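Novice: Chains A and B, in that order, give the protein sequences. In this text, residue positions in the first sequence follow the working numbering: the first is 1374, and each later residue adds one. In this text, residue positions in the second sequence follow the working numbering: the first is 1374, and each later residue adds one.
Because the hints were derived from the structure by calculation, they are not lab data. Every value quoted in this text rests on a predicted model; they were computed, and no experiment measured them. One should not assume that every hint holds.
Note: identical chains are not told apart, hence a pair may lie in one copy or across any two.
Okay, derived cross-link-like pairs now, BS3-like style, lysine-lysine, Cα gap no bigger than 30 Å in a straight line [what the hints assert, rightly or not]:
id, residue 1, residue 2
1, Lys-1428, Lys-1494
2, Lys-1388, Lys-1486
3, Lys-1415, Lys-1442
4, Lys-1494, Lys-1558
5, Lys-1415, Lys-1388
6, Lys-1442, Lys-1485
7, Lys-1501, Lys-1558
8, Lys-1501, Lys-1485
9, Lys-1494, Lys-1523
10, Lys-1442, Lys-1390
11, Lys-1523, Lys-1501
12, Lys-1416, Lys-1428
13, Lys-1388, Lys-1442
14, Lys-1485, Lys-1416
15, Lys-1558, Lys-1486
16, Lys-1390, Lys-1501
17, Lys-1442, Lys-1486
18, Lys-1485, Lys-1415
2 protein chains.
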Amino acid sequence: MNLFIALIHYPVINKNKEIIVTSIVVHDIHDISRAAKTFGVKKFFVVEPFEGERKIVERIKRFWQTSGKEYNSNRLEAISILSLQERFEDVLNEIIQETGRTPVIIGTSAQKKDFEEINFKEVAELLKKDEVVLILFGTGWGIAYEELGKVDYFLPPIEGIGDFNHLSVRSAASIVLDRIISQFKTL
Amino acid sequence: MNLFIALIHYPVINKNKEIIVTSIVVHDIHDISRAAKTFGVKKFFVVEPFEGERKIVERIKRFWQTSGKEYNSNRLEAISILSLQERFEDVLNEIIQETGRTPVIIGTSAQKKDFEEINFKEVAELLKKDEVVLILFGTGWGIAYEELGKVDYFLPPIEGIGDFNHLSVRSAASIVLDRIISQFKTL
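With the rest of the complex left out, here is chain A (with noise of 0.2 Å):
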């Protein structure tokens, strides 16, 4: 199964509207390394310009393969699937070296973006059809889709029960792969 997915820190937004660079957050790379893991992810995309912030997650890395292995040797392997990357051109040169294909890139966003939707059973049978796949996750008020470039397909935002879904990025992403690979196991 060829499913990617990135996490970006650059371009996203602030709650102003701004173009800004989000920081690490510790709690996103052990969370949604394990949540991609579980579900089969080829590779766990982590985006951040600042070489400082980068530095963070190297040493979330060499914690894992060091000292923090015989602790606890699943979230090693959780972690090796992390692939850390400056920009995001860079994320998709590394998936066409490695498949040799250029991904299906598909956003995700708390709010109804107006532009072409995929469903979670339709992102499945891409995956089926040995399609490679990309899905994108935000940090900060969500990703600077025009600057970003090209992204081919929206997810529908997830819903819950009333107006509010304000899901950290941890819980979207777990929720996303999870609807993705149950509609993936009935084909």
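Use these hints to put chain B onto chain A, whose structure you have.
Specialist: Okay, now just chain B, sitting in the frame of chain A:
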């Protein structure tokens, strides 16, 4: 909908299967509150016997009720369903006081339990019939169910692709709530 959830910090086990008390993880409080609020949970109980640890939760609540309110009012909304308790019995008492009924207590675990199982759809059906349901989530290496006492059913472990299913409790709680509410909406 009478759906309640509880995050248990005692009695839980450590990696050597000893019964311990775990400390509060700030991201648990935020992420699970936000997911609970999204999926229509009436109250999110945090069970923590240590007073010093409970103070951390109180401080988080107070932050979003005061200086954090202007920065992000969604967090206040999410945290407003949080109920901090010293013991598991206090959770049951509060639910009985609030609803007049004893809840159906449903355990979760990353390992399959040799106990009566309930699936996600059946939980949704209980909720549809206006039953009071309490779902338990563990910290550490999971809840010490023998020590906790009465559980009526277990949900099956969340399975992805392959053997790895080491999700964070934040991811697991989000997925469990999404699965139940997705079923609930189809009834």
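Novice: Give a verdict on every hint.
Specialist: Tested hints:
1. Lys-1428 <-> Lys-1494: Neither, since 37 Å and 44 Å both go past 30 Å.
2. Lys-1388 <-> Lys-1486: Classified as within: same-chain Cα gap 18 Å, cross-chain 44 Å, threshold 30 Å.
3. Lys-1415 <-> Lys-1442: Answer is within; shortest intra-copy Cα gap is 21 Å, inter-copy 39 Å.
4. Lys-1494 <-> Lys-1558: For Lys-1494 and Lys-1558, the Cα distance is within 30 Å both inside one copy (10 Å) and across copies (17 Å).
5. Lys-1415 <-> Lys-1388: between (32 Å within a copy, 28 Å between copies)
6. Lys-1442 <-> Lys-1485: Answer is between: at 25 Å across copies they meet the 30 Å cutoff, but 41 Å inside does not.
7. Lys-1501 <-> Lys-1558: both (9 Å within a copy, 27 Å between copies)
8. Lys-1501 <-> Lys-1485: both (26 Å within a copy, 28 Å between copies)
9. Lys-1494 <-> Lys-1523: Answer is within; shortest intra-copy Cα gap is 22 Å, inter-copy 38 Å.
10. Lys-1442 <-> Lys-1390: Result: close only across copies, 19 Å inter versus 41 Å intra.
11. Lys-1523 <-> Lys-1501: within (23 Å within a copy, 43 Å between copies)
12. Lys-1416 <-> Lys-1428: within (19 Å within a copy, 39 Å between copies)
13. Lys-1388 <-> Lys-1442: between (38 Å within a copy, 14 Å between copies)
14. Lys-1485 <-> Lys-1416: both (27 Å within a copy, 28 Å between copies)
15. Lys-1558 <-> Lys-1486: Answer is both; intra-copy 28 Å and inter-copy 23 Å each pass.
16. Lys-1390 <-> Lys-1501: For Lys-1390 and Lys-1501, the Cα distance exceeds 30 Å both inside one copy (37 Å) and across copies (40 Å).
17. Lys-1442 <-> Lys-1486: Answer is between: at 27 Å across copies they meet the 30 Å cutoff, but 42 Å inside does not.
18. Lys-1485 <-> Lys-1415: Result: close both inside a copy and across copies, 27 Å intra and 26 Å inter.
Violated hints, listed in ascending order, are 1, 16; each of the other numbered hints is respected by the structure.
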